[in-house]
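Colleague: Residue-level listing of the chains:
Protein chains: 2
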Amino acid sequence: MRARIFCLTIALVVAGSVIGAQASDPLASWNDSAAKKAILTFVEKTTDQGSPDFLPVPERIAVFDNDGTLWSEQPMYFQLFFALDRVNALAPQHPEWKSEEPFASLLKGNMEAALAGGQEAILEIIMASHAGMTTTTFEKIVSDWIATARHPKTGKLYTEMVYQPMLELLVFLRANGFKTFIVSGGGIEFMRPWTEAVYGIPPEQVVGSSIQTKFEMRDDGPVLVRLPKLNFIDDKEGKPVGINLHIGRRPVAAFGNSDGDLQMLHWVTAGEGPRLGLLVHHTDAEREWAYDRKSHIGKLDKALDEGLSRGWAVVNMKDDWNVIYPFEIK
Amino acid sequence: MRARIFCLTIALVVAGSVIGAQASDPLASWNDSAAKKAILTFVEKTTDQGSPDFLPVPERIAVFDNDGTLWSEQPMYFQLFFALDRVNALAPQHPEWKSEEPFASLLKGNMEAALAGGQEAILEIIMASHAGMTTTTFEKIVSDWIATARHPKTGKLYTEMVYQPMLELLVFLRANGFKTFIVSGGGIEFMRPWTEAVYGIPPEQVVGSSIQTKFEMRDDGPVLVRLPKLNFIDDKEGKPVGINLHIGRRPVAAFGNSDGDLQMLHWVTAGEGPRLGLLVHHTDAEREWAYDRKSHIGKLDKALDEGLSRGWAVVNMKDDWNVIYPFEIK
Chain A
1 MRARIFCLTI ALVVAGSVIG AQASDPLASW NDSAAKKAIL TFVEKTTDQG
51 SPDFLPVPER IAVFDNDGTL WSEQPMYFQL FFALDRVNAL APQHPEWKSE
101 EPFASLLKGN MEAALAGGQE AILEIIMASH AGMTTTTFEK IVSDWIATAR
151 HPKTGKLYTE MVYQPMLELL VFLRANGFKT FIVSGGGIEF MRPWTEAVYG
201 IPPEQVVGSS IQTKFEMRDD GPVLVRLPKL NFIDDKEGKP VGINLHIGRR
251 PVAAFGNSDG DLQMLHWVTA GEGPRLGLLV HHTDAEREWA YDRKSHIGKL
301 DKALDEGLSR GWAVVNMKDD WNVIYPFEIK
Chain B
1 MRARIFCLTI ALVVAGSVIG AQASDPLASW NDSAAKKAIL TFVEKTTDQG
51 SPDFLPVPER IAVFDNDGTL WSEQPMYFQL FFALDRVNAL APQHPEWKSE
101 EPFASLLKGN MEAALAGGQE AILEIIMASH AGMTTTTFEK IVSDWIATAR
151 HPKTGKLYTE MVYQPMLELL VFLRANGFKT FIVSGGGIEF MRPWTEAVYG
201 IPPEQVVGSS IQTKFEMRDD GPVLVRLPKL NFIDDKEGKP VGINLHIGRR
251 PVAAFGNSDG DLQMLHWVTA GEGPRLGLLV HHTDAEREWA YDRKSHIGKL
301 DKALDEGLSR GWAVVNMKDD WNVIYPFEIK
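Respectively, the protein sequence lines represent chains A and B. Read left to right, the first sequence gives residues 1 to 330 (the numbering used here). Read left to right, the second sequence gives residues 1 to 330 (the numbering used here).
FYI, nobody ran anything at the bench for these hints, they're computed from the structure. Among the hints, erroneous ones may be present.
Any copy, or any two copies together, can satisfy a pair, since identical chains are not distinguished.
[Said to hold, decoys possible] Once the Cα atoms are required to be at most 20 Å apart in a straight line, the calculated EDC-like pairs of lysine to aspartate or glutamate come out as: (1) Lys179 - Glu59; (2) Lys214 - Glu237; (3) Lys153 - Glu112; (4) Lys236 - Glu216; (5) Lys98 - Asp259; (6) Lys36 - Glu124.
Everything numeric in this text was worked out from a predicted model, so none of it was measured.
Produce the entire structure from the sequences given, and follow the hints as far as they go.
Modeller: In structure tokens form, the structure reads like this:
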């Protein structure tokens, strides 16, 4: 009986989404545009049993980049703000950081100098700030930070700087039987503590970059210790690899915003049958940020050319989204 | 409307399982035993909203070892039969194998000598037989093999040698809101092509050992190439690491059969709240195989002691299961 109530609850919740979607526009924050039409057409044809493009539910896998696709990424990836706060908190235990780059610049608040070392500098910062504790402790550190830290420009919580149109898209896809995954260059364990509450995406559907962990039996029980060793970078060529390792089948829809998503979009859209590739183009300097080919963060150059030539949908944020952040409509 | 029909279908399918479960014993192949009672009690208390042990649906994660837990593993892991068949098929292209171990022994059919090199010999065989092609090609090779290859003793397809009681357990758990995962030392891409059809477990819920893959853009499109380099061994201390990487939260129930599952059972049962750990003890030399502390394959020694002292459920296959394989009841 309890199990039956649980089943009914599922049915009602799912049906509720659908009824809501029928009563009003499920993508209300999207203006009429080519991108919106591409999404609606794709969902229509893949869920219509009479369509030659119909997809059985298990094949309905959709993957989303996170930084710049589901939430903002300027003036730098939000995870770097987290790393900066961690480095500041840990600095008293590391007097050597005062003279060692990238930490010296970081502690002076000079992010540009700190990141001048590129990928290697970022990795050093990540290892110093993300390793050396158990997975349980790290989860708590992230949860505490994400609940309180605020963006330097907007003063909002970082989780308030997610895109309302993409939240609607996630709900719309799931209401139509799609399973939604994050496939991000960001840290897998940096995202998991909050993606379920913010995006409705559970930890097991989050793919990201990672450091190594090690199992240890301690007197008070087993732990997983986070090591300062790189495990996997889920970016560029790494995204199809991460998709294959974690999901194990090729998704049918991919959403990204930068050259880091290019290979993921190639991999997903090259599959047989109906496919949807979509790029978010940051064009709104007033409500968000405007950047593309020359940006250090979220560079969109080659992927934009490829997208235009291959018929991927391209969202012009300024024109296509009538709301950017959820707090605008509250 | 289509979406609504889809939702109703879900509801009916789920409700159907439950009604079936109420009308008859959902674990009909399990004799009344301490293990069966442990399972029923655990599911009852974690799904009863009035129980102090109630678990919200997203927390209902159950992990299953594969070899020896969901299907047989004697006289050797079934994946080694696959590797042997692959080595034989590839031998004409590798004349050097005639004099190189472990291949020389393998080609003579002397498995014992071939595996005398232990883990390293197995890895060499796996690399030679599982790498060097695209993921798409490998999936087809596995699918073709699993559909036709037969076990040397029973003459059955390997997928017919799954345990009926465990199939019932998987269905029962899922009907009660649990998400079921495989966490196996076997190859992740060796399992994925058939786990959905055989166990109802989709590729994205399969965790296993893996070799590295590499993304390549070819003239006819993107591919992932399987490299002869180890990526991850999902066994012993690796199982909690694999669980953390792929699932990202601690499961509440774990099912295994050997010392390779010990750390997974520790990790799962050490969590707060209600937990279920279960070991399958192979005690039936007539209907299956009887082996434990001294077996080279599926050794159950330390885990058995730990299980008995920590109160994990232990299945005595001979006494507790009235059916082993599904073909017995067809």
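Colleague: Compare the structure with each hint and give your call.
Modeller: Hint check results:
1. Lys179 - Glu59: both (9 Å within a copy, 18 Å between copies)
2. Lys214 - Glu237: Between copies only: 8 Å across, 26 Å inside.
3. Lys153 - Glu112: within (17 Å within a copy, 67 Å between copies)
4. Lys236 - Glu216: between (33 Å within a copy, 11 Å between copies)
5. Lys98 - Asp259: neither (35 Å within a copy, 48 Å between copies)
6. Lys36 - Glu124: Neither. Shortest intra-copy (41 Å) and inter-copy (51 Å) distances fail the 20 Å Cα cut-off.
Hints 5, 6 from the earlier list are contradicted by this structure; the remaining hints agree with it.
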